[in-house]
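Novice: Please take these sequences and the hints and turn them into a complete structure.
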Amino acid sequence: MAALSDDDITRLQTLLDGLPAPLQALDVSALDGFLCGVLLQPRPVPAARWLPQVLDIDGRPAPAGAAADEIHALVTRRHAELDAAIGRRDWFDPWIYPLEGEDGEPAPPSDCLLPWVAGFATATELFPGLMAIEHPELVEPLALLFMHVPPEDLEDADALLAVIETLEPPSDLAEAVQDTVRALMLIADVTRPRAAAPARPRPGARRPAAGRASAPATRRNPRSPR
Numbered sequence: 663m664a665a666l667s668d669d670d671i672t673r674l675q676t677l678l679d680g681l682p683a684p685l686q687a688l689d690v691s692a693l694d695g696f697l698c699g700v701l702l703q704p705r706p707v708p709a710a711r712w713l714p715q716v717l718d719i720d721g722r723p724a725p726a727g728a729a730a731d732e733i734h735a736l737v738t739r740r741h742a743e744l745d746a747a748i749g750r751r752d753w754f755d756p757w758i759y760p761l762e763g764e765d766g767e768p769a770p771p772s773d774c775l776l777p778w779v780a781g782f783a784t785a786t787e788l789f790p791g792l793m794a795i796e797h798p799e800l801v802e803p804l805a806l807l808f809m810h811v812p813p814e815d816l817e818d819a820d821a822l823l824a825v826i827e828t829l830e831p832p833s834d835l836a837e838a839v840q841d842t843v844r845a846l847m848l849i850a851d852v853t854r855p856r857a858a859a860p861a862r863p864r865p866g867a868r869r870p871a872a873g874r875a876s877a878p879a880t881r882r883n884p885r886s887p888r
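For what it's worth, this note's numbering labels the leading residue of the sequence shown as 663, then goes sequentially.
If you're looking for bench data, these hints aren't it; they were derived computationally from the structure. Every value quoted in this text rests on a predicted model; they were computed, and no experiment measured them. Errors might be hidden in some of the hints.
Claimed, not checked - Distance windows between CB atoms, simulated:
#1 Ala769 - Pro790: 27 to 37 Å
#2 Arg844 - Pro760: 17 to 27 Å
#3 Gly680 - Pro855: 16 to 26 Å
#4 Arg856 - Glu743: 14 to 24 Å
#5 Glu767 - His734: 17 to 27 Å
In this text, a Cβ means the ideal position worked out from N, Cα and C, and glycines have one as well.
Specialist: And the structure:
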């Protein structure tokens, strides 16, 4: 299935904007984060459960017709694209875009990430399987994502907030995007582990111990304790 082009993304946003009130559709950035949140659940989420939230955050039914069908087709393609990339642990370009601040200067990275992370958070609220997992290797990648959310919005997340305080904020948007994709792959290592194919030892050779390559070290805030 072909990846969505820039024209496809623009078309998708136009279709979402054209949905009638009172529907509140996700924009393309929030949609992309939402799909990643769906795909990183420990158990697959059927399309019938997550597709209605794309057209309306409350899951209200949208009018049937060509527009809804086209939205479903485009979103399904993006879902498949993300599913394949996460499954292979391949880099992909998240739909995160630079924004301007009130002074016309580039907005801080967290402002640009917030719509995407909000979509991811929506998925974790609707489908709580991921956040219900108690695994030490999930805390840091989740902190890399939720560090872009205002602390007051992270209720009952003391452990997450404690890790967020140790992280150094990204210096620019490119670094923030890189951290986001890396965090998703680290989460996938826990919720969607890949089965390692057994190596074929050469005659007389010792079989190496199993293990996976470690991800690059997360930047730490030098002002905060580890």
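Novice: Hint says 17 to 27 Å; check whether the CB-CB distance for glutamate 767 and histidine 734 agrees.
Specialist: violated, 38 Å
Novice: So does alanine 769 sit 27 to 37 Å from proline 790, Cβ to Cβ?
Specialist: Holds, at about 31 Å.
Novice: For arginine 856 and glutamate 743, compare the CB-CB distance with the range 14 to 24 Å and indicate the outcome.
Specialist: Check passed, 18 Å falls within 14 to 24 Å.
Novice: Range hint 16 to 26 Å: satisfied by the CB atoms of glycine 680 and proline 855?
Specialist: violated, 41 Å
Novice: Has the hinted range 17 to 27 Å been met by the Cβ atoms of arginine 844 and proline 760?
Specialist: For proline 760 against arginine 844, whose Cβ atoms are near 20 Å apart, the range 17 to 27 Å holds.
Of the numbered hints given earlier, the model fails hints 3, 5; all others are met.
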